[in-house]
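Peer 1: Put the two chains together into one complex, using the hints given.
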Amino acid sequence: MTAEINNLPDADIEFRDVSKRFGDVIAVDNVSLLIKRGEFFSFLGPSGCGKTTSLRLIAGFEQPTTGGVQIGGTSVIGVPPHKRPVNMVFQHYALFPHMTVAENIGFGLRQRKPKPSRSDMDKQVDESLEMVRMSGYGNRRIWEMSGGQQQRVALARALINRPTVLLLDEPLAALDRKLRRDMQIELQTLQREVGITFILVTHDQEEALSMSDQICIMREGRVEQLGSPRELYDLPVNRYVADFVGKTNFIAGTVSQVSGGTITLETEKGMSFSGRHSPETKMLSPGDNACVAIRPELMLIGSDSESAADMNTDIALSGQIKNQIFLGEHTEYLVATDIIGDVLVLSPKYIESRHKGFGPGDRVSVGWKNEIALVLEDS
Amino acid sequence: MIDDTNAKRWLTGVLLGPTTVWFLFMLVLPLVVVAIFSFGMRSPEGGYVASFTFDQYFNLPSRLAAFKNTLSYAPLGTLASLLIAYPLAYYLAIKVNQKWKLLLLVLVIVPFWTSLLIRTYAWIFLLGGKGIPSLLEFIGIEGVRLINTPFAVIVGIIYGYLPLMVFPIYISLEKLDKRLLEAAADLGCAPARSFFQITLPLSMPGMATGCMLVFILLMGEFLIPAFLGGGKVFFIGNALVDLFLQSRNWPFGSAVAITLVIIMLVTVSLYMRLAMGKSTGQDESLM
Ligand SMILES: Nc1ncnc2c1ncn2[C@@H]1O[C@H](COP(=O)(O)OP(=O)(O)OP(=O)(O)O)[C@@H](O)[C@H]1O
Ligand SMILES: [Mg+2]
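From first to last, the protein sequence lines are chains A and B.
First residue of the first sequence: 0, per numbering that gives the first Met the number 0; consecutive thereafter.
First residue of the second sequence: 0, per numbering that gives the first Met the number 0; consecutive thereafter.
Quick caveat, the hints were computed from the structure, so don't treat them as lab data.
Where a beta carbon is used, it is the ideal one built from N, C-alpha and C, also for glycine.
Take these hints with a grain of salt, some might be off.
Stated by the list, open to error - Straight-line C-alpha distance at most 30 angstroms; calculated DSBU-like pairs for lysine-lysine: (1) A/K82 - B/K174; (2) B/K231 - A/K82; (3) A/K35 - A/K368; (4) B/K177 - A/K114; (5) B/K94 - B/K177; (6) B/K94 - B/K7; (7) B/K94 - A/K82; (8) A/K112 - A/K246; (9) B/K98 - A/K112.
Said to hold, decoys possible - Only part of the chain A face toward chain B is listed, based on derived beta-carbon distances under 8 angstroms: (10) F60; (11) N86; (12) A93; (13) R111; (14) R156; (15) N160; (16) F249; (17) L299.
Isolated chain B (complex conformation) (with noise of 0.2 angstroms):
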């Protein structure tokens, strides 16, 4: 007789083996080799040569302004996605006629066809001297300068991240049952409470979600800041361009790197467990 559940753990072994195999040599090796890497010294050429040192952690104040601008961008960034969308997401999910729903939802992922290097170039000329200052010359305000400022990397990653941020609040909201606030409007709440009251805490998984996606993302991102900040917005993702490509300092670029990976588990399981305590916990993930 075979025994049903040693033959039921043997499958599970089977099917979760490829992803059990992919895990480790794909994310969890690399990682690996990094914190080695970290603990390391650069040799005179470049790279990296074994040894067991701090000397890497001890020198991550020279980059002080890098983490800085990362950890104060990538909230910004996200708040500032999430202001954006959430309108652009409730007008989809609940405002916008059946018969243009698809139609619109497809321009919004539209941008992701072409690759965000390409886009946020586009972005340097319409910033650029040519582009929106010299509109808004030919109507007489004079000498505004957009790009390689604080303000066009904020409308890049706005630009960027919209998408990821949008859908997952359109989710939300669309599966939220209407007949909620037909009930909150038959027990007396006016329109614009009942969005406070009701919407808004059912949209939170949504939210939750795209803010989470975002922020991670935000916190490698080094093409925009490197684009339309014109260097003097400089993320972390930037240092680790430099370190790794051009001064080819792999030990302190690891140690770079294995602080930043800190840094996000910290935030993000501090966000997940706030996050957690707030939604309604029935059914609804965050992701």
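Bound-form chain A, shown alone (with noise of 0.2 angstroms):
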């Protein structure tokens, strides 16, 4: 496996069964993880699950306790970060309170031996500022500008120094959602612009989805699932990514047959459901704990007489509309079925007004077809 990954030219970050403890805690275990030159990576995942530690490995501020780093094709293992390749936008920017704008922008610069001219570096904080539109605020004090200035402001500093990778640890968390948006879509745009690689950690899904060319899903310090959004979404390994990945609905049961691609489970109350088995997924066999996962959008909701051949699906349940959320292009439904309890369906405008639309309270049937269906590991 290491030796396949050696073999890489173009691999730019490279774990190799990194492990770091604190203590007890063991933030990052056994990771091996391969990042290519020019891609936007995202680290995600819940709190505590060790993404900032693993940014911290690369930028230099810990070193693992047992494997080895590599950047560029080079192991850093004892490289103080102040050698290290790599710049940081801290998740509280971390600004230099006592320097203008401009001086921290060129912070970097001035760190250069030999040291750049004056001119040169004027010129190339200049140029810094109109890069994150910001010419102009050179002289500024850092507690004059906003959220979204400040942030400009980091992302400049942490990006004069050409590094060949940028570490972002949650950059956007601190801004409100409509500035967070914005600075989503210039983030992607300066990345493409400058054409290096960016490492960000979130704990956000939509914005690792959206921005994404792959993501590391992590849990408890361990990898759960890497791949590119649309194969974390379509193809999870297991619950808890399908949880963390889109929003799913999960039928909890027991493996009874496994013929081919198709597995079917049986529910404690003894009802049956089949689904593909996920490729990403480890075999499955009868006996074992499992789930049948259906994304919302996936599902169909009908009147209450209308039967799963009505619908065109090989599931049909009915239920009562608990509630019910308009989202202009989609409506979504929370329907409480009888057997499976609370399912949520997806559905959009189109389809909406074959039934001229249901309001909480209506009994309706909800079904789907057994390809769309995936069954997961339960874990």
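Peer 2: Put into structure tokens, the structure is as follows:
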């Protein structure tokens, strides 16, 4: 496995069996991964799963307890942060309060050996200010800047030395929703412009899905799944990933039958449901705990009288609408079914017109085709 | 209807009242008395005789040595305290284990629990013939004289004023965001450099406060030079003690005191202006 990784020429960052312990806590647990040059890579996971620690291992603020970290094909074990070709945007920006905006941005230039000429530095700082659309703010004080502006200053400061990798630790967490959306787009554009590897830490799945080429889903220090947003969304390895990436309906049960790519589960109440075996999941055999996962947008909602055949689905369950959220192009229904509990259904507008809209309290049928249901490990 | 702003103004007045009265009677009034005395004459048996003359001020050059000493030892002592206190404060704020921090901080204050007089006496013994010099003799270094030298005065000053310098610096270093140092390292700044580029400038307000406290108090110091300087190093404070208590020349003493106050006002306001200009101004005031 490691030999294979080694042969890839465009590996920018590589973790080989990296573990990091803080006393009894294992923050990063035997992680191996590879981040390609020019990629937009994200670490995604709940609080405390080791995202920041992974980033700090790359930046050099932490040294792995065991295992190796490589940047651009060379080991960086023992190399202090100030000698690594990576730069970081800190979670709360960590801008220098005793310096102006321009001084903050130029800080990296002033540390270079040999030091660039005064005019050269000024020119580069001006260009950076322009890049983050802050021209004319150079002489302002840091505390005069708004959250979004500080974020841009932090970005410009981290990019001025043209690092090969930019690390971003929840850079947008402190911004409001609207500004966050704008900054996400700006970050993506910027990444394409400068063409360097971006490694983003976030616990916002929407952010990770919309921005990244590759996402690493972490759980208690381990890598749960690594793949493109589409792979993670369409083929999650287990319930944890499916639950973390997008919304999903789960039906838990015990595997009763495995035939080819199709697996059938039996629920506690004795109902049978089947679905495809996810190719990313380890093979399941009868008796294993598993779950059927169905994305809400792949479910259909119809009036109470409609059968599976009427809706052109394999399954039809009746239930009652508990809640309805109008989302513009979609309507989200929470349906309390009689046999599998609450189910979330996302119904697009063009289908809505078919049944003239439902409201809370209405009896309805929900259905889906077996081929869109995935059977996953229940963990 | 009650006028809200008027009520507030009244409340402010009432709350500030005691402070104002205290300030007037305890600070301003004595100073006015001293100022009036300074234009008077000494009666033959000592004390004060009303008059209006500048004689006392013309007589100031006779105490030039005391002024010179104070104005050189006060900055020198402040600087020496700063140089000793900074590494200590740095160690306490940044290096030391959280477990030991409180204990060490208490150890810095403990000497303050006894009077400076007693602690200075201890130094007389330590620096005197039976103290450190006899130890030095024991290892073969003879003829070292410590007590009653400028060195002894500086040692006494550092010892006496160290906590006043350590605490403000400690506080400014303690609240320094450690991530700023990581950010500096991340941008290519080696640790030694980041001390001068980040830590030192951001602890400036603490240093400014500490220096001011020590400097102001040193200007009025008399115990340390009297005990450890052996009459060779003579401060204005000593002159005042002498003039008011020994020779009972109140008018001349008052003139010396007023001059000292003026010198302090001028130096401190110059210093404030300088320090304020340098500091970031953000939320960090000098005190
Ligand atoms: N310096 C440290 N000393 C002790 N434990 C630490 C240290 N840094 C991290 N940990 C622990 O390691 C684990 C992972 O921490 P980490 O900061 O990497 O999480 P995270 O995924 O970034 O979480 P969040 O989303 O909350 O920022 C946590 O249990 C944390 O308490
Ligand atoms: Mg974190």
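Peer 1: Which hint numbers does the structure go against, in order from smallest to largest?
Peer 2: 2, 3, 6, 8, 9, 16 and 17
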